[in-house]
Each structure stands twice: as structure tokens, then as C-alpha cells.
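Undergrad: For reference, the chains in residue letters:
There are 2 protein chains.
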Amino acid sequence: MDVLIDGAWRAADAESEFYAESPATGERLDRAFPVSRWNDCDAALTAAADAAVELEKAAPEQIADFLELYAAALDASAEKLAQAAHEETALAVSPRLKDVELPRTTDQLRQAARAAREQSWRQVRIDAQRNIRSCRGPIGPVLVMGPNNFPFAYNAVSGGDFAAAMAAGNPVIGKAHPLHPYTTMLLAQEAHKAVLASGLPPATVQMIYHVSVENGLKLAGDPRLGAIGFTGSKGAGLELKRAADAAGNPIYLEMSSLNPVVFLPHGMEEHAGQWANQLAESCTAGAGQFCTRPNLVFLLGSGAAEKFLQELKGIFEGRTPAPMLSGAGRERLHASVRALRKAGAECVTGGEFAPGSGYRYAGTLLRLPAERFIAGAREFLREAFGNEVMAVVAANEAELVEALELLEGSLTGSIYSSESGSDEALCEQVAPILRRKAGRLLNDKMPTGVAVTAAMNHGGPYPATGHPGFTAVGLPPAIERFTALRCYDNVREHRLPAFLRGSGTAG
Amino acid sequence: MDVLIDGAWRAADAESEFYAESPATGERLDRAFPVSRWNDCDAALTAAADAAVELEKAAPEQIADFLELYAAALDASAEKLAQAAHEETALAVSPRLKDVELPRTTDQLRQAARAAREQSWRQVRIDAQRNIRSCRGPIGPVLVMGPNNFPFAYNAVSGGDFAAAMAAGNPVIGKAHPLHPYTTMLLAQEAHKAVLASGLPPATVQMIYHVSVENGLKLAGDPRLGAIGFTGSKGAGLELKRAADAAGNPIYLEMSSLNPVVFLPHGMEEHAGQWANQLAESCTAGAGQFCTRPNLVFLLGSGAAEKFLQELKGIFEGRTPAPMLSGAGRERLHASVRALRKAGAECVTGGEFAPGSGYRYAGTLLRLPAERFIAGAREFLREAFGNEVMAVVAANEAELVEALELLEGSLTGSIYSSESGSDEALCEQVAPILRRKAGRLLNDKMPTGVAVTAAMNHGGPYPATGHPGFTAVGLPPAIERFTALRCYDNVREHRLPAFLRGSGTAG
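These protein sequences, in sequence, are chains L and G.
When we follow the working numbering, the leftmost residue of the first sequence carries the number 1, and every step to the right adds one.
When we follow the working numbering, the leftmost residue of the second sequence carries the number 1, and every step to the right adds one.
One should not assume that every hint holds.
Identical chains share a label here; the pair holds if one copy fits it or two copies do between them.
Unchecked claim - Keeping only pairs whose Cα atoms sit at most 25 Å apart, straight-line, the calculated SDA-like set for lysine to any residue is:
no., residue 1, residue 2
1, Lys234, Ala247
2, Lys57, Leu406
3, Lys342, Glu480
4, Lys307, Leu196
5, Lys98, Ser212
6, Lys193, Ala12
7, Lys218, Ala73
8, Lys218, Glu239
9, Lys234, Leu217
10, Lys445, Leu500
11, Lys307, Glu480
12, Lys193, Gly421
13, Lys80, Leu29
14, Lys218, Ala243
Hints listed in this document are in silico derivations from the structure and should not be mistaken for laboratory results.
Please build the complete structure, drawing on both the sequences and the hints.
TA: Written out as C-alpha cells, the structure reads:
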């Protein structure tokens with residue numbers, strides 16, 4: 001298959017080829033895709049740097065038009081895209097790919113179009129008295145590396161990072177996730193057509209399928225880049241971070257999150273069954289492969305807690321797990337579960353591959369006394385990416401609080417409590433701890449399901465991300481990641497961008 | 001001298017001691033200061049982490065009161081502070097330390113107080129329909145390492161980073177610059193008194209004088225920190241960046257800047273003398289030790305250009321250079337000048353130590369054909385921190401543009417041009433290049449003198465700083481560096497901070 005470089009589909013300079021497979025059957029799909037040599041990366045970087053200069057001259061309307069044309073084209077191809085993504089991910093066409101994820105994706109593109117048109121992301125400040133003016137401008141070419149788990153909504157050429165980078169007028173080099181190259185190709189084809197139709201520089205959107213680890217790191221550290229957006233594993237994220245940091249390239253990472261959920265005791269007495277159902281739903285959606293899926297829950301030991309855990313066990317055991325995205329992903333999940341058990345967690349249910357076609361893993365519930373967690377937190381702060389959850393059972397409130405203090409940064413932190421007010425005192429101890437550890441604090445709600453709203457934060461303290469000040473979801477705030485601050489000091493009026501002219505309002 | 005740790009002045013756990021000296025005479029001053037062992041750092045980090053938790057409960061008014069009390073105390077001690085700083089830096093009491101830098105410093109503290117009171121830095125977003133709300137909150141304990149060149153305005157316990165970190169409710173651990181420890185002690189004494197008087201946690205402001213390089217790096221990488229603010233050399237900044245990056249600690253660096261100034265040819269015909277005077281003024285202020293001092297100027301060869309260079313030479317030769325801040329700084333300046341000459345720059349004047357007491361260096365003008373610059377830009381992109389400037393003379397417009405394309409990121413970029421409009425075509429080529437390379441673009445104005453206004457950007461692309469999206473000067477924007485994004489998703493009304501309650505305006 002051809003790569004999209006410098007405004008044209010062309011044969012890759014390939015060092016090897018790879019195939020996607022159907023996770024539903026484990027069989028190799030029949031299209032071969034290239035692993036690009038550095039030559040392809042280099043050509044894309046040069047073309048992107050040139051496109052960045054040209055894009056500075058584009059009107060905001062052109063960028064908005066592109067985003068809207070692209071969104072409309074994706075909506076029009078929904079059936080074909082959903083089928084392709086289903087084939088490569090085994091995620092359901094409905095409800096999910098066609099009627100949930102694709103609409104979310106095109107909604108993001110349209111919100112980005114609106115932000116591009118309104119220019120609200122510019123954050124204009126005018127000090128007319130001193131004739132000093134500032135705004136945000138594009139940061140430069142953005143390399144986007146999408147994850148395996150959202151073939152549309154986080155795809156390198158259609159997802160949140162893509163939309164945010166484009167809204168600020170940055171060209172994007174998308175690196176496909178190798179688990180869904182064909183889906184990415186179909187998306188890139190539509191993006192490319194929309195680029196040409198809207199009159200943007202042809203190299204505004206480029207796409208390569210795969211590169212070696214070495215070339216991936218070389219890409220991240222290339223001075224022609226303005227920034228990098230990465231969603232994926234902590235291991236890969238930290239390697240890319242080292243390469244980008246060494247070159248002074250800002251990198252936005254969404255890496256790893258345990259998403260602790262704390263169930264307070266009085267509420268547990270009232271809602272054990274209902275809470276178990278909500279947790280099971282959240283843990284198993286998408287075969288547990290959501291970055292906001294709860295991996296760690298905390299509760300106080302009690303009869304109700306036992307009922308809750310029994311209920312959860314029953315739900316896990318009564319359900320047929322969906323296939324995971326890849327065999328390698330299942331292996332990693334199993335390795336994590338084994339490591340947690342070896343460290344001392346008891347396996348209440350699951351902990352093994354599940355029967356049926358494709359890469360299925362049994363819904364897994366681990367259990368650990370808070371005392372053990374406290375004694376060896378480091379071993380237990382390990383993400384298990386899949387349908388697994390570990391319940392940490394505290395003997396008393398002090399133990400619960402002590403355990404929570406040992407958490408690292410997460411995308412989310414949730415508190416479930418009684419409506420009666422009887423959990424309030426403990427909540428007042430728990431909430432400030434989770435607040436410091438999580439980008440999004442929730443009440444009475446599971447963290448999966450990230451609303452695309454300006455008030456969202458899909459981010460959080462390290463190691464959930466690389467910087468706690470930025471969100472990957474929610475427009476216009478997510479755009480800020482792909483902007484540089486620009487000040488104009490005493491610049492002559494006619495040389496200023498139009499939106500910076502005049503008297504404005506002082507700072 | 002005692003260090004300020006955990007709310008009290010106490011004897012340092014010192015591994016050695018050091019002395020400041022008078023740069024005006026080169027003589028050692030008589031007060032000994034401790035180089036703290038890790039024990040002191042560790043105690044300060046723990047106290048700061050605890051103070052951060054307590055500070056979350058402080059009212060915005062308390063933080064504002066602290067900043068205002070502190071500013072008033074500094075104003076009241078202006079004479080004493082200016083004398084102390086003069087003794088340690090040889091900078092003039094007037095005009096400078098007492099009547100320029102200290103008022104700027106207390107103005108920054110008062111602007112920070114205003115921002116703390118108004119809470120504008122919170123950036124509240126409310127999506128009432130979905131009950132999702134977000135704001136910025138404190139990032140956690142901030143380690144501030146101040147530079148040698150502004151003993152008040154960038155001091156670790158009174159400068160811009162300090163004010164911004166405090167405004168967002170973060171405790172600060174200040175590491176004094178070892179060239180002015182006594183000044184820093186006097187400031188910290190006033191800060192500590194103001195902390196106690198305003199009822200903030202006693203460990204809100206802590207100060208140590210000096211640590212080994214090893215312990216400095218260990219500090220930057222400590223997980224108890226929320227962020228680091230550093231102003232200083234590129235070498236030290238990059239070492240700290242590596243340590244902070246590896247730990248996932250956000251670090252804001254202001255490291256190195258050549259601050260290119262481009263003089264366009266028609267304007268040069270009209271203003272050679274005036275421009276030479278402005279440049280000389282900007283290059284020699286503070287003995288050239290400003291981070292925005294122009295180090296590289298670009299011009300087209302012509303009779304007027306020769307007149308300009310002759311004029312500049314004459315001014316440099318006619319002036320007695322002020323003492324630099326340290327002997328080591330003069331050595332580094334001299335090493336840079338030697339390296340630039342060795343690489344091919346011609347020394348028009350200066351290039352040697354100047355006579356007189358203290359560490360004086362002759363005003364130095366180097367000259368280089370643009371062709372040479374283009375052939376070996378890497379060797380010439382070398383900061384000379386002091387009263388040195390290198391003129392790059394282009395044979396034609398194409399050469400000028402090619403040379404500018406080779407620049408790295410800078411804090412500033414300036415364009416001087418004719419008022420007649422005759423330089424406009426060339427300006428249109430030059431301006432977009434400088435725009436991409438500099439955080440602040442100036443017209444007809446030297447970059448030294450950084451106005452404290454919300455529209456300022458004292459920042460820029462790497463390696464001027466570590467991230468082009470942030471400014472170190474200008475409130476409230478500079479505060480954003482020391483904040484984390486916090487989302488509240490479905491959090492019960494009474495548990496929300498007061499400013500997030502109610503319906504607000506969606507998105």
C-alpha cells in the first residue's frame with residue numbers, strides 16, 4: 001500500500017512489510033503494508049516544515065472548511081469505515097464503531113472547525129498603551145501517533161490530537177497504529193481529498209503506516225517537528241518522551257492510568273449490587289481496553305463489601321468476554337495479572353485466557369488487603385490493560401487513606417458514596433487526595449465515557465501523562481497543546497495579524 | 001548563616017561553606033554561607049509537600065495578603081536591600097537596584113496578589129448540562145532557582161517565578177544564587193515574616209543557599225515537587241531538564257538567547273547613527289548580562305552599514321565597561337569571544353579584559369560575512385553572555401534570508417526598518433522567519449526591557465526555553481506554568497469549590 005507523503009500517495013521506501021489480523025479469529029488479513037525507512041520520514045518532515053510556513057497564510061475559514069469537508073466525507077463513508085475497523089479490531093459495528101465512535105470523531109472534527117473559525121484558541125491579549133500584543137500561533141508540524149483502542153476517535157489522522165493540531169494550523173504527520181492500517185488508510189484518503197478540495201497545502205496531512213522503533217525515536221527528536229502527540233503504552237511513551245525531551249520537542253503523552261475508584265462504606269450498604277453492575281460494565285467495555293477503565297478499586301471490609309465482590313465475580317463469570325485487540329495485548333494483560341498475583345493479590349475469578357475464537361481473556365477480579373498494598377505499593381501500581389480489576393480492601397478508614405496516598409497520577413479518580421450524607425466525613429479525607437492524583441474527579445459515576453466538552457480534562461499528573469496542565473479531549477482547550485505563545489512588541493499596525501490590530505482591551 | 005526550612009531559620013546541615021564577593025573589587029565578602037547536604041533538601045521537600053496540602057485550604061485573600069505584605073516590606077527596606085545587592089553584584093543602586101529593579105519586583109508581587117484575589121488564573125469552565133466543570137489548581141511545591149543577573153526581579157524568593165507560583169497557591173523552595181546569598185537571605189527574612197503575618201502555612205516559603213550539582217539534580221527529579229522554575233545558563237538548564245524530565249516533573253527554563261536584530265537597508269541609510277546608539281545602549285546595559293541582550297545583528301553590506309559599525313565601535317571604545325557579576329562570568333564571555341574568533345569572526349574592537357577594578361570586559365564588536373555564518377552556523381550560534389555583539393554582514397537579500405533561516409529559538413527577534421515603506425518587501429521575507437524563531441517580535445525597538453504586562457511573552461522556542469507555550473513574565477499568564485488542570489465530573493454541588501458551583505456558561 002502507498003504512503004501519503006508530500007501531498008501524494010506514493011510507494012513507500014520500505015524496509016519490510018506487515019499485516020494486520022482479525023482479532024475475532026486470529027487470522028492474518030490479506031493486505032500487506034510497508035514499514036517505512038528513514039527516507040520516508042525525512043521526506044515527510046521536510047514537506048511538513050514547508051507546509052507549516054504555507055499554512056500560516058491560510059485563512060481560518062480554509063482550515064475550518066477542510067475539517068468540515070473531512071467530517072462530512074467520513075459520515076458519508078460510515079458503513080465502509082466501520083466494516084474496515086471492525087475487521088481489524090473486532091470492535092462491534094453497532095453499538096460502537098458506526099454509531100458511537102465515528103459520530104464522536106466527526107463531532108470532534110466539527111468542534112475543531114468551529115474553534116478554527118472563531119479563533120478563540122488564539123487567546124488574544126492587547127496592551128494598547130504599551131503597544132504590546134500577544135496571541136497563540138501554530139507550534140509547527142505535529143507528529144501524531146495513535147493508539148490501538150480507538151481506530152477513529154484517537155486515530156493519528158482523524159482523532160482528537162489530529163483535530164486539535166489542525167485547528168491551530170499545524171500540518172500533521174500521522175503514524176498509523178499497526179493494528180489497523182487499512183482503516184487508517186481509508187481515513188487518510190478522505191483527509192487528503194478534503195485537503196485538496198479546501199485549497200490547503202497538499203502536505204498538510206501526511207501518513208505513514210509503520211516505522212522501526214529506532215526511526216520512531218528519531219522522528220520524535222527531529223528539530224523540524226513542533227510537537228508530538230502520543231497515546232499508548234507507558235513503555236513506548238517514556239521512550240518517545242526521552243527522545244523528544246532531549247531535542248526540546250514538546251511531547252503530549254497519554255500513557256497509563258489506574259483510574260482508582262473509592263467506594264465509601266455507608267453507600268456500599270445501600271448500593272452493593274448496583275455499584276457492582278456499574279463497575280463490571282465499565283471494566284469490560286471494549287474488552288477493558290479504555291484508558292479510563294478502572295483498574296484499582298478501594299473499599300472498606302464489611303458484609304456489604306463481600307456482597308459487592310461476590311456480585312462482581314458473578315457478573316464476570318456470567319459474561320462471555322469480547323475478543324481483545326491483539327494477541328500481544330492479551331499476553332501483556334496476562335503478564336500483569338500474573339505479576340500482581342505473584343506480588344500477593346488473590347485471584348477471585350479469571351486470571352486466564354477465555355475460550356472462544358480470537359484473543360479473549362476471562363473477566364478477572366483480584367483482591368488484596370490494603371495492608372499488603374501499603375507494604376508494596378510499587379508492585380501493585382501496575383496497569384493491566386484489559387478486563388481486569390483489583391479490589392483493595394481496607395480494614396479501617398486510616399488504612400484506606402494511607403493506601404490512597406500511595407497512588408501515582410491517574411487520568412481519573414472516582415468516589416461513590418451514600419446520598420444520606422453519612423459518608424461525608426470520610427469523603428472529605430478521600431477527595432483532596434484523589435484531587436491531587438487525578439486529572440478528573442468523579443462522583444457516583446464510572447470514569448469510562450469521556451465527554452467531548454470544553455470543561456473536560458482528559459489528562460492528569462505523571463505518569464498518566466507527561467504534563468498535568470493539558471487535556472487531550474475538549475475543544476478549544478486541547479488545542480493549546482499545539483500552540484506557541486507569540487508576542488508583538490511595538491510592531492507596526494499594518495504588519496500585525498488583523499485580529500491583533502486596534503486598541504482591544506488592555507491585558 | 002541559617003537556612004529557612006519548614007517554617008524556621010535553622011542551622012544548615014552543611015557539607016561546606018562559601019562566600020560571595022564584591023565584583024567591583026574582586027574581594028571576598030566576609031559572611032560565610034552553607035552548602036546544604038541532601039538532608040536539608042529532603043526536609044524542605046517534605047515540609048513543602050505538607051504545606052501544599054494546607055495551602056489548598058487557604059482563602060485567595062490570604063495569599064494575596066501575603067504577597068502585598070511582602071511587597072510593602074520590601075519597599076520599606078529598599079535602601080538596605082539595594083545596598084546589599086549592590087555589594088554582591090556591583091550593579092548600581094541608582095539607576096537600577098533601588099529605583100528600577102526593586103519597584104519592578106514589588107509591582108510583580110502586587111500584580112500576583114491581584115491575580116490571586118481575582119482568581120482569573122483559574123480559567124473556570126462550566127458545562128452545566130453535563131455537570132462537568134474544570135479549572136486550574138496549584139501544581140504542587142515549586143523549586144525556584146534564580147539567576148545571577150537580577151538579584152530582586154528574578155530572585156528565587158521574590159522574582160517572577162516566585163510570584164507566579166505563589167499566586168496559584170504553591171509553596172516555594174527557593175535556591176539562592178550563590179553570587180548574592182546575603183541579598184537572598186534579606187528577602188527571605190521578609191517573606192517569612194509576611195507568611196507568618198498572613199497566617200499561611202509556615203513552610204510556604206523556604207530557602208537554601210547552595211547545594212552540590214548532584215543534589216541540585218536530585219532536587220529537580222524529586223517526586224514531591226510539582227514543578228521547577230529555572231533561569232540561568234543553557235548548560236545548567238539542560239542538566240536540570242534531563243533530571244526533571246526523567247521524573248516527569250514539569251520544568252520551565254529560561255536558558256539562552258541570541259536575540260537577533262535585523263537592520264534593513266533603507267532604514268540604515270537614514271538612521272545608521274541612531275541605530276548604533278540604541279544597539280550599544282542595549283548591549284552594554286547591566287554589562288550586557290540581560291537575557292534579552294542582542295548577541296547577533298544582521299545587516300546588508302553598504303556604506304551606511306560601515307558607518308553604523310564604525311559608530312558602534314566608537315561608542316564601545318569610548319565607554320568604560322561596568323564590572324561584570326563574577327570573574328567566572330567574564331571567563332565564560334572571553335571563552336565565547338575566543339571561540340567565535342577562532343571560528344572565523346573578525347574582532348573589530350574589544351575581545352579582551354578591560355582595565356579598572358573588578359571584572360570588566362571591553363565592549364566587543366565582532367564581524368562576520370553572512371557567507372561564513374551560513375557555512376558554519378552551529379559554531380556561531382553561541383551565546384556570549386556580556387557586552388559583546390556580532391554583526392553578520394550579508395552581501396545581498398538572499399544571503400540575509402538564508403542566514404536567518406539558520407537561527408535557533410530565541411526569546412526575541414527585532415526588525416529595524418525605514419518609515420518610508422521602502423524596506424517593506426524585505427521585511428515581509430524577514431518577519432515570518434523571525435516570528436517562528438522568537439517568542440517576542442519587535443519593530444524599531446531593542447529587546448532589553450521586558451514590560452510586566454499580561455500581553456508580554458518572555459519565552460520562546462527551544463533552546464531559549466524548554467517549551468514555547470509559556471511566558472515567565474506577565475501576569476496572569478505566567479501563573480499557568482504552575483497550575484494543573486482539574487476537572488470535576490458529576491461532583492456533588494456542596495463538594496465543589498465555591499467558584500465552580502452553579503450554572504455558569506456552558507463551555
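Undergrad: Which constraints among the numbered hints does this structure fail? Numbers only, ascending.
TA: 3, 4, 5, 7, 11 and 12
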